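Trainee: Could you build the full structure based on these sequences and the hints that come with them?
Here's the letter readout for the chains.
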Amino acid sequence: MSADFLYMIEVVINGLMAGVLYALVALGFVLIYKASGIFNYAQGVMALFGALTLVGIMEGQVPFAHIINATFGTDLHQFGWTVPALLAILLTVGVMILLAWMVHTFVFRHLVGQEPIILFMATIGLAYFLEGIGDLMWGSDIKTLDVGIPQGGSLWVENLSSGLGGEDFYGFFIDKLDITASVVAILLVAGLIAFAQYTKQGRAMRAVADDHQAALSVGISLNFIWVLVWSLAGMVALVAGIMWGAKSGVQFSLSLIALKALPVLMLGGFTSIPGAIVGGLIIGVGEKLFEYTIGPMIGGATENWFAYVLALLFLVFRPQGLFGERIIERV
Amino acid sequence: MLYREAGDFKTTYAADSQTFPIRSDRWRYFAVLAIAWGVIPFVIDDYWANAILVPFLIYSIAAIGLNILTGYCGQVSLGTGGFMAVGAYSVYKLMTMFPEVSIVVHVILAGGITALVGTAFGLPSLRIKGFYLAVATLAAQFFLVWLFNKVGWFYNYSASGQISAPERFVAGVAVTGANTAPWAQYLICLAFVTVCAIVARNLTRGSVGRKWMAIRDMDIAAEIIGVNPLTAKLSAFAVSSFFIGISGALFFAVYLGAVEVGEAFGIQKSFLVLFMCIIGGLGSIFGSFAGAAFLVLLPVALKVLGVDLLGWPSSTVAHLQLVAVGALIMFFLIKEPHGLAQLWRVTKEKLRLWPFPY
Amino acid sequence: MKDQVEPHVTADGRRIGGVLMDLRGITLRFGGVEAIKNISFDIREGEIRAIIGPNGAGKSSMLNVISGFYHPQDGEVWFRGAKRPAMKPFQVARLGIARTFQNIALFDGMSVLDNIMTGRLTHMKTGLLSQMVWAGPAAREEAENRAVVERIIDFLEIQAIRKTPVGRLPYGLKKRVELARALAAEPKLLLLDEPMAGMNVEEKEDMSRFILDVNDEFGTTIALIEHDMGVVMDLSDRVVVMDYGRKIGDGTPAEIRANQEVIDAYLGVAHD
Amino acid sequence: MSSAAPGAAPVSVPHLLAHNVARHGSKAAYREKEFGIWQSWTWAQAAEQIDALALGLLEMGAAPGDHIAISGRNRPALYWAMVAAQKLGCVPVPLYQEAAVEEIAYALEHSGARFAIAGDQEQVDKLTEARASLPGLERIIYLDGRGLRRYDHATLTSYADVQAMGRASGRRAEMQARTDARTYDDTCVMLYTSGTTGRPKGVVLSNRNVIETSKNSAIFDSLRAGDEVLAYLPMAWVGDFIFSVGQAMWTGFCVNCPESPDTMLTDLREIGPTYFFAPPRVFEGQLTTVMIRMEDAGRVKKWLFDHYMAVARRVGPALLDGRPVGLLDRLRYRIGDLLVYGPLKNTLGLSRVRVGYTAGEAIGPEIFDFYRSLGINLKQLYGQTEATVFITQQPDGQVRSDTVGVPSPGVELRIAENGEVFYRSAGTFVEYYKNPDSTASTKDADGWVATGDAGFIEEGSGHLRIIDRAKDVGRMADGAMFAPKYVENKLKFYPDILEAVVFGAGRASCVAFINIDLTAVGNWAERNNIAYSSYQELSQHPRVLDLVAGHVNAVNASVATDPMLAGCQIHRFLVLHKELDADDGEMTRSRKVRRAVVGDKFADLIAALYGGADQVYTETEVTYEDGRKGAIKATLAIRDAVVVTPARMAAE
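Chains as they are written, first to last, in full-length UniProt numbering: chain H, 1 to 331; chain L, 1 to 358; chain X, 1 to 272; chain C, 1 to 652.
Just so you know, not all the hints are guaranteed correct.
Unchecked claim - Chain L regions said to be covered by chain X (calculated; three or more residues, Cβ under 8 Å):
#, stretch
1, 97-106
2, 198-208
3, 211-219
Stated by the list, open to error - Chain L is faced by these chain C residues, among others (derived, beta-carbon under 7 Å):
#, residue
4, Gly272
5, Arg293
6, Ala297
7, Lys301
8, Trp303
9, Asp306
10, Pro343
11, Gly349
These are calculated hints, taken from the structure and not from any lab test. A quick note: this is a predicted structure, and the numbers were derived from the prediction, not measured. Virtual Cβ for every residue (Gly too), placed ideally from N, Cα, C.
Mentor: This is the structure:
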């Protein structure tokens, strides 16, 4: 097998890895959208916020240190302790649940029944708000996040695969982190599906997704469900945040990368979990391949827009997405 | 309470459908124009021009543009930043290619070019609706920014990758370039704002505007009563982009002078203008001004409060600003989805009915 | 089998002209479902033509076919002596076919006046540029069309709510405004989709009066859908009865009343 | 184009028209809210329209002396019709548009009208129906063709067609000749008095009557071109004829016609008339709605309103009459004007009113003062058709709620020993058409006319005070004076009470029927959460009865203060279960109570009132709007009122 082709494959594999993370964020969107019809632009920022909080807690940072210091002339920064990763994650999950509750109670409960586009804009507002809060609490400097996920190229894969090609091929370079990420992601999806299928809340959640009124009439509390999905979305975001954070540091760009989930959704359709996954993979692979093949010719950095243009073109020809079903318009 | 309408009756349809049917409103409008043109130019200083008035005017044009698309025609766009960039780079190319032609012409042409680009990116709106479209417009945003970054021709292969506006004159007065007087900057922007606002009003009051609004309120019904969605939506995209292009051109040539596309016209810009429309009021020209004023003044106010008074680090204040803006957006969408303009309308109604409650 | 009636003048002195619209063997399917099964009938100039039938009989689908919103798989639509090719709804509207909607489709963001003005859009020609300038052609056109609209407002007696946002109107008035919007287009064929739906007796009487007056004053041809048989019978010149997508009757109210199949359909006799 | 030499003294309305064309040709003469805007006609345009119509009528064979009936809501075209008729030497006969067919039939038959000009389908229908019995009516000319397209046009012509015919006609000279032939003593208009009793009478008014009165009254209040009036009162009523035709023609001010009755208030607000007339019930209604709307106002507004209205009541009238007022009060009033009165007048559409009149009924003092205190120059006048309106009116600066003012310019007053008021003036009517007997019985040889009202001239001020209809002023069993109207008016001053009818002639004591005002009482009930399903139920609710009883007692107290009338206090009363209604013949078209009719119709109730029962069952026939008849049954509670003995009053 020719090296080029093999490198191509490596690109694809890396693309798949990236795609998994897109899918992860997209998953958060789908959860909320299905249950409440809200298109949560803030999902990406939630990932950032989750990651920031996690780092903050682990390193025992004093929240809102800047303001406090500025107002009271103090010089606090650290509590002086560090929190073990696992405990920190649990705490952060708690924070995300609290956040979910607040978001629902203070914002979206008052917007029930509004047009989708209004809700969408509200989530943009939420995104700004969270980003600001995140920075205020933990400071906006880039942080490294280490929850003990193995990093660096996986020799095992490298050695295993190096045999495939000639001497000018040194085997696939795949980051362990990506592998972990994929595994976690797959587990998470499986978990979610199980949750949706086999638990009472899960079934309630699906009932709501199908038909609000019907769900209400069988005595399901919408408010509870909505808080629930926001919490789930929050956790998914957290996981995504951890992965991205571990990969490329916790910083604002994280929320921008998460934006990629939008085109992913437009491919996959807003209502289908498999759609989100497949879409994620397509985008991941697509943009890597495009950058690898066409990129050099047109000055590179095409990941910035490839996903969006792809989604755009795709939509023009299939407005309801990959898995969405056709809508018959009535008068 | 301030209104005295008895005896203010209309004998022609023209008079009945004029922009300010109530006499006192008409006077207030003329007063504002008089001050804007006759007083401010003489008192304006560098701080007011650069910190408040010029950005306010330029953003007003952008907000009007986006409001036409989103507020009147119901098509949400997150590509404003990208379109402003088109305006900026068009004017830059024109200025450098045809130095002898008047900058005014260039700015207008820049608007025209942006209109073309906008129309092209508007085509999908025929197939996709709502936030599908919103997300699709992100493609324009990212692609355009990337384009101006990568393709040297646009920034004349300058080493920095930046573009900077050469000095240009209107009636012998420098309006772009390093040594432009504040009042000159202000006046040229004011001129464009005045014209744009009037044009926008004219477009939204007549048949074109009604087509847009019909599409916005119920596109199927609109089509069945004879509105061609293609022309309606594309014209909205074209007009909207035209205004946004002009604002982009002014933003670069008159206000900043030198621009790096990523930071000047990034996605943040798109949101900023969108927020201006939401806070100011979708579907209202006045709202566009109100929103622009609000979001231009907010940072200034926060800075004065946070940095100057409380002595907080400016980065913290910047974050605080994010929080404030985000919170405000959510607040307005919950409390008053039609923004400041609606608040104004309601107050006005109350004043007209005074002392009665209804 | 269509009864050939020559142009004539009705007992109450209205002119009924030749065939305005002719529907030939219309069949409409959604996926597997046949909403309309090979239906043919015609509509003559100046008449009030009713399409009735129990709910789900395919009346609305039929109206949507006429207004070009649905495209039938089989059959031809002939309008003013020419076969109408498959068109977009807005093109149909420009041919002079206007309609109202069963569940009101007004533009809630606009005032009553603006809503009715939208009915004039097919008559307003000035381009973008002259609109920008306003003064001149655009302003003139606006005033001329406003004058037309004001006469309709006067005709339907809605002067008092001229500047009210339609959102605030009660149901009955909304229906009337919608009628006004359709009239503003000065249509050759006016389609009314359940004009009386959800109205109390008094409102129904008003609406019937307006429908008759419209047909009378402007000589507008009207095709209307109703499931409430009573109203229709006094209103219309000829009636088509649909049931389960089939045409089970076509003729004058008198004939329809006598038609056994129709009676069964309405008494809900079991279908084999 | 009508060319009466502008110099010559005008001897007819058409001449005045010619003058206006000459003097204010391009000023607005008529406006009508139609199709969303105020369609306007200058004097020149109006003249052209009138000529066209006149010529058309001429072509249709209108002969001098013909009567031309006109019925419809106030519209410029119908005012033009009157003038057009006069141009041809015909006599315009405006009819009440809501008159019943038989009333119309009578007027047509009595006047022998050959032509009728109708506003719309409704009027045409009534005229056609009436016409069945009178071949005299040759043609009906209609203004608004809505719904008439398929009527038999054998005797039906559209206004526009007549004008077209006229514009085409070449007989302009002939028309002009007829116009020029008008003299000062020719008939100008014939108006049917609604007549509180018996058949309506056709009052013949000459050009002299109309022009002289218009001139005097215009000078009295310095009316001038540029003033604006809103023409919304029945065209058949003499007041409207004088304001919208006589004075308008004399001064050249502009007549504005509302779009429809239900947009009248909006239109009033838009036009903002400078010269305004309304019967008390209109002002009453407005005040009631103001109060109701203010009920729902926020606490701050409410406070502002109450506070500054108090100021206004104290200071306003004085300011209006130019009496001295302290600087501080002036200041307070200015502020009040900025915060309350100004906006209030504006929303009511009265901010431009320079001269406002009310008449026809006595107006409640607090209502009257309310408008005065706002700074609206509202005045009272006393008049009647036979006098071409003006008998007495209040000069600026001497305005009071309890008098009707001093004799109008050119009017002589005389009080007969039985207290009846007589007058003589240039406005005194010519005769009752085809009714010499009534003419004789009303107007004596030297031109004195009996008003049929009892009253007296106040010492000092010289103002006339009206007590009651002369024939209603009776004696009670003990010979004491019985003036029911006097008491009724006092009762009706309470917003809660719409109508009151007092009986007691030849009896030992007085009793009363009361009509509650549904708006006012209904709102009161709402605020005191009293549930009710019908007018009838509300009218009999105990707490409503208490409310009314309170008013009755108060009135008794005030009546008792005047020894001459102390006997008229109400001993017992009941609240009627239905509103008195013109359709049931209980009132006249101008909403004056037909005492006799009511007396007969509700004889059983009167019996019960005197019988001492504390409740009575009754069945009453009513006529619905569509003309169907029905009966309503009810059991009415009867209450005793507190009667004050003058002696005790004196003792206090």
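Trainee: So which hints don't hold here, by number, going up?
Mentor: 1, 8, 9
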